[in-house]
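Top to bottom, those sequences are chains A and B. Residues in the first sequence are numbered from 1 upward in steps of one, following the working numbering. Residues in the second sequence are numbered from 160 upward in steps of one, following the working numbering.
To be clear, the hints were calculated from the coordinates, so they are not data collected in a lab. Possibly wrong hints are sitting among the right ones.
No farther apart than 27 Å at their CA atoms in a straight line, the calculated lysine-lysine pairs in the DSS-like style are these [to be verified]: (1) B/LYS554 - A/LYS145; (2) B/LYS776 - A/LYS14; (3) A/LYS150 - B/LYS756; (4) A/LYS150 - B/LYS746; (5) B/LYS554 - A/LYS109.
Remember, predicted model here, so these are calculated numbers, not experimental data.
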Amino acid sequence: MAGKVESQELDLTKLDKILSRYEGQDDALISVLQGVQAEFGWVPQGAIEHIADAFQISPGEVYGVLTFYEQFYLTPRGRNTIRVCRGTACHVRGTNANLRTVERTLGIKEGGTTNDFKFSLETVACLGTCFLAPVMMVNRNYYGKLTPDKVETILKQYD
Amino acid sequence: MGKIRTADELDSLRQSIIEKLDPNKTCVRICMTGCRAYGAEEIRDAFDEEIKRKGLEDKVEIRETGCHGFCARAPVVVIDPQDIFYQQITADDVVDIVDKTLIEGDIVDRLVYVDPVTGGKIPFAHDVPFYKEQTKNVLRNCGIIDPTNISHYIARDGYAALSKVLTNMTPEQVIEAVERSGLRGRGGAGFPTGRKWRLARAAAGDTKYLVCNGDEGDPGAFMDRAVLEGDPHSVLEGMLIAAYAIGTKVGYVYVRAEYPIAVEHIKIAISQAEEVGLLGKNILGSKLSFEIRIKEGAGAFVCGEETALLMSIEGKRGMPRPRPPFPSESGLWGKPTNNNNVETYANITSIILNGADWYSRIGTETSKGTKIFALAGKTNNTGLVEVPIGIPVRKAIFDIGGGIPDGRKFKAVQMGGPSGGCVPEAHLDLPIDYGSLEAIGSIMGSGGMIVMDETTCAVDIARYFLSFTQSESCGKCTPCRFGSKVMLDTLTRITQGQGVEGDLELLESLAQQIKDTSLCQLGSTCPNPVLSTIKYFRDEYEAHIKEKRCPAAVCDALCSYYILPDKCQGCMICLRACPSEAIEGGKRMVHIINQGKCIKCGTCLSVCPARFSAVAKVSGEHVPTLEEPIPVSTVTKGG
């Protein structure tokens, strides 16, 4: 499946549009990559070389930035993104049991994507919503004061 | 709104805004930032609809504000002019609020805050102990104004400090005022802000940069988020004043990408300020020209460290470099750069408007002003509180925080997140200031306070922090890269019951080496949670190592789940929910957990109805269990 997506033609016009927004700004590499990620949902291999050319740096340098920051993905992502918070408040209120429930229910680990591309699973350091602890987000929706049984119900709501 | 060209024009604009405001007009203030996670948007929509239906559009204003602070009671609304405080409301409550309160002026009893101590109802926000004990300086506009409306900010003395600085003060006088105020950096290290500005001003060169660090990465701290979301102009104004004092033309606000509302609000604030000429060329007719750019973080905790942050702004891997040279000499693109935290900038306007003397009267001898703390973890009133520096820890947790839920016992509070240490019960009367906390192995940090009760394991929490710092280590220097890994592995072994004699000594000696030799603060402070928990909870470490027991019953490898025969009602809820089919039994038969099949996921504990409480998680205790399921009716209940 991943290979199939990879082999699709990368839409360079979309990529060039993003690049043109930051023309002449040497410091814009991260912003461009964020734009690519927002457009495609991940950063395809072909985009890396194209961006490197635009910034007149090596693809290795672009790759270095991509792998340094957690936000960037080098593989296609699922339609829905689950973010389980691992902040301190969530930790002391039992977020681990919830994370394990998500992993078990979907059969993927942190960083993984289900085979049907329905879900991608991430953990984040802190969502800054400690009053909801333990909390997770699915796309832009927050789910607070979670327990393992609530997690299963929530996952069923997504398609 | 046209361009504001002079200080006088700003004053008359402010006057005209204030004149148009009717202080007696009914206004419903809804938190539309933190409370959004609890359905504040639906509540706003319900208000809009109901107000329209009743034809009250001219009489009632629905205002979307930033955080009110009392997040434990989310979603909250406050109704002016009476200051009526409604909490934990839903969209279904809106019709009642409109009918009873907005039309008839009565209070909807069921939505009022009930004091957990006295049991009395407290209808007005200013009487709620959580608010009453605070001193709101930085948060003065949060929850009051609409942060996306510059008029609201201007009406509350917004940009008056900038105007005063540009018309009446020299850059030198501004720096002197900030120095005399005693303000110290709110990001964690506590470096005197005035001195930092002086260094940047004195640095050679014409091109200098200003940076606002909004990469609030400390898990458990969310005050910068609240300020950026709820009062973004106060940060911009603080930066403008710094730009004037230091002599810079370009500033950057670096915000975590995990804070989308903060990014949105600061962007709106910048474009509004540009529109009226409060950012741009010759601001208020002065020689000050200043522009602000936004940089969104991409998810790296180490970027909160200032040299790493600068690398990230330049679009590179956010790896720290040795200091000196400090950024005030050589920062962004090698130019002198002044870097302060969000909360630090937000303090500046009050220092300028009220004077350094006023500011320095708040706080303690060595730590001035107010500080925002994020109360979270095992405390009743989670949320944001702003208090004078120096109040006792006890007051913050028990008087404002409302104590520990479920009648449990306080154990410790972690201050300063992964870089900090814990304050145990014995030090509850310690004043919260930079020096006092450092003396007992903790730090002020950015203001995160994670309260832990007796069900929190000291070893597990140390392991948790190490797992965080270890995964966030950038890998540049060896002590942090390897040292944190070895410490984490050791702690993991201990929590899994594989600790050996000598582990504590190994941890202590490694911790010292990592502290002494790491390149940046991420590395040099990462041993703090380990050292402070060993210092105050050594017996717990020893229970894990010698007795293979977790006294708080947290560490899974050392714990087991049991169903208590005298409490089980044979309801089948846990049996059906168990993902590993480890629960045996039947309808009205006492259930038993097959320990061989149990994966210790905790599902049975979470689904067992509270009125039965028949599932126990224990460590090192003998629990009498049954050999096979028997009818519920044959068990003697209650003992």
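Evaluation of the provided hints:
no.	hint	verdict
1	B/LYS554 - A/LYS145	holds, 26 Å
2	B/LYS776 - A/LYS14	violated, 54 Å
3	A/LYS150 - B/LYS756	holds, 23 Å
4	A/LYS150 - B/LYS746	holds, 23 Å
5	B/LYS554 - A/LYS109	violated, 42 Å
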